[in-house]
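Throw the hints in and build the complete structure from the sequences for me.
As they're listed, the protein sequences go chains A and B.
Take the first sequence: its letters are residues 1 to 294, numbered as in our numbering.
Take the second sequence: its letters are residues 1 to 250, numbered as in our numbering.
Do not rely on the hints blindly, as some may be mistaken.
Using 27 Å as the maximum straight-line C-alpha spacing, the simulated DSS-like pairs for lysine-lysine come out as follows [said to hold, decoys possible]:
{"hint": "1", "chain 1": "B", "residue 1": "K60", "chain 2": "A", "residue 2": "K184"}
{"hint": "2", "chain 1": "B", "residue 1": "K139", "chain 2": "A", "residue 2": "K289"}
{"hint": "3", "chain 1": "B", "residue 1": "K85", "chain 2": "B", "residue 2": "K3"}
{"hint": "4", "chain 1": "B", "residue 1": "K230", "chain 2": "B", "residue 2": "K195"}
For the record, the hints were derived by calculation from the structure and aren't laboratory data.
Below, each chain spelled out in residue letters.
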Amino acid sequence: MELVDENKLAKNKKRNQAIAFWIFRILSYAVVAILFVILSFIIIKGFSVISWDFITKMPEEGMTKGGIFPAIIGTLCLVGGSMLFAFPVGVFAAIYMNEYVKDGIIKKIIKQMTNNLAGIPSIVFGLFGMSLFVNKLGFGDSLLAGSLTLGLLALPVVIRITEEALKSVDNTFRQASLGLGASKWETTRRVVLPIAFPNIITGLILSIGRVSGETAPILFTVAAYFLPKLPTSIFDQAMALPYHLYVISTSGTNIEESRPIAYGTALVLIFIVLIANLLANGLRKYFGKKVKMN
Amino acid sequence: MYKIESKNVDFFYGASQALKNINIAIKPNTVTALIGPSGCGKSTYLRLFNRMNDLIDNTKIAGQVLIDGEDIYAKGVNVDSLRKKVGMVFQKPNPFPKTIFENVAYGLRVNGITDKKLIEERVETTIKQVVLWDEVKDKLKKSAFELSGGQQQRLCIARALAIQPSVVLMDEPTSALDPISTAKVEELIYELKTKYTIVIVTHNMQQAGRVSDTTAFFYMGELIEHDTTKTIFTNPKIERTQNYITGRFG
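So, in structure tokens, the structure goes:
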């Protein structure tokens with residue numbers, strides 16, 4: 001006697017699978033659609049104000065006219081400065097954790113701490129940066145204080161990305177190198193890092209995307225409401241794209257009139273992040289090839 | 001005098017004992033095959049000879065491992081120079097993501113040799129030694145990844161030999177290779193015997209029979225029997241060895 005009706009079973013299986021995958025399909029298309037709507041909204045609203053003058057001129061008439069040049073430069077400086085701090089510190093910390101520390105309580109604590117660091121709201125980083133860098137260390141509202149604060153924010157991301165990249169390097173590469181009498185450091189520097197490098201660099205550039213869009217950490221540490229000149233030293237205040245966007249959308253002299261500028265600013269910001277992502281892809285491919293060749 | 005000796009060796013991963021009281025003596029310029037079912041401890045045992053197990057946290061060794069009469073686990077032993085003396089070849093071909101030339105030169109460079117001419121000479125003789133020269137001499141500056149699996153494995157052997165070790169450890173060196181590449185590597189092992197003492201872990205009984213002088217059978221962390229390969233394969237003293245060799249379990 002047959003216990004199950006084979007035909008019916010096959011039919012049911014097929015139907016259930018179809019339902020499940022249709023749900024997945026609809027949801028993933030929805031994600032793409034949402035992204036598409038946001039992007040096209042910004043592009044449609046912002047594209048009309050984009051011009052050479054817009055990206056190279058100072059803001060004028062209470063930020064309702066003119067360009068956003070100082071905000072672009074300010075953001076680029078902040079991104080550069082924060083990475084100058086976060087890259088080396090984060091990469092070295094990750095190397096230490098992944099290649100040197102033995103499994104145990106210390107490693108667990110460091111790991112937990114970096115994870116916790118990643119969970120701290122960015123406004124808290126801002127507050128911390130203000131009290132430490134701006135006040136205690138006396139940097140004042142400055143590119144230096146802002147960069148360090150943003151760097152702290154990026155640190156856990158950099159550490160985690162680097163760790164993942166190091167972990168993905170097959171252990172036999174390490175063993176082969178150590179087996180030839182190389183020290184741990186030689187192995188790390190000459191074998192492990194070159195293999196992990198493409199992934200590290202991609203991750204680092206993606207973290208730039210995060211840093212360039214942050215508003216809260218720069219709020220009390222560097223950002224200027226209106227400063228129609230470029231910073232000349234690391235102790236200068238600066239404008240920045242996300243903060244500029246916030247200002248002209250909430251507390252500008254004439255919010256209605258500066259609305260197009262807000263969308264233009266958003267578009268420029270998105271564009272910078274996009275460039276960073278494209279750069280990350282390009283570099284990964286380039287270094288991926290180069291690693292095999294060295 | 002023996003090249004390698006282990007006396008009453010116990011080995012622990014955390015609380016679990018992986019090797020129990022292993023005593024083996026290996027003569028110079030011989031090939032010793034370590035056989036046994038998966039998880040029997042043969043790879044762990046192999047990795048004691050170049051202290052590769054040091055890399056794993058929470059391990060412990062008791063007893064003595066002597067190479068050239070010196071206890072390699074004694075205090076003050078320089079692990080880097082031990083590893084220079086005891087080369088290793090791995091299961092999967094794992095050339096570094098570097099050029100063919102640099103793969104072989106790597107060991108020389110990390111051991112402080114900077115003389116360009118000497119490095120070039122040594123790379124060439126070593127690649128010839130593993131019978132790879134004719135296949136790669138025109139593409140030494142190309143990535144090692146462009147080689148076939150069998151060529152990569154011979155390159156890895158060359159990488160190990162370049163720093164002139166006296167012992168070579170091989171951990172299932174042909175398990176990822178096709179039959180023709182396997183035959184080439186086996187031939188090579190047979191030739192290398194004249195200059196090196198070789199210890200090889202293998203799952204392949206025929207391979208053990210073909211390349212080794214003595215064979216050690218491991219089971220559940222214990223050394224069941226160690227004798228000449230001929231004896232082990234034709235007239236083992238212990239029934240469990242017989243059963244494994246003939247494929248009745250394993």
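How the hints compare with the structure:
no.: 1; hint: K60/B to K184/A; verdict: 21 Å, holds
no.: 2; hint: K139/B to K289/A; verdict: 17 Å, holds
no.: 3; hint: K85/B to K3/B; verdict: 12 Å, holds
no.: 4; hint: K230/B to K195/B; verdict: 22 Å, holds
No hint from the list above goes unmet by this structure.
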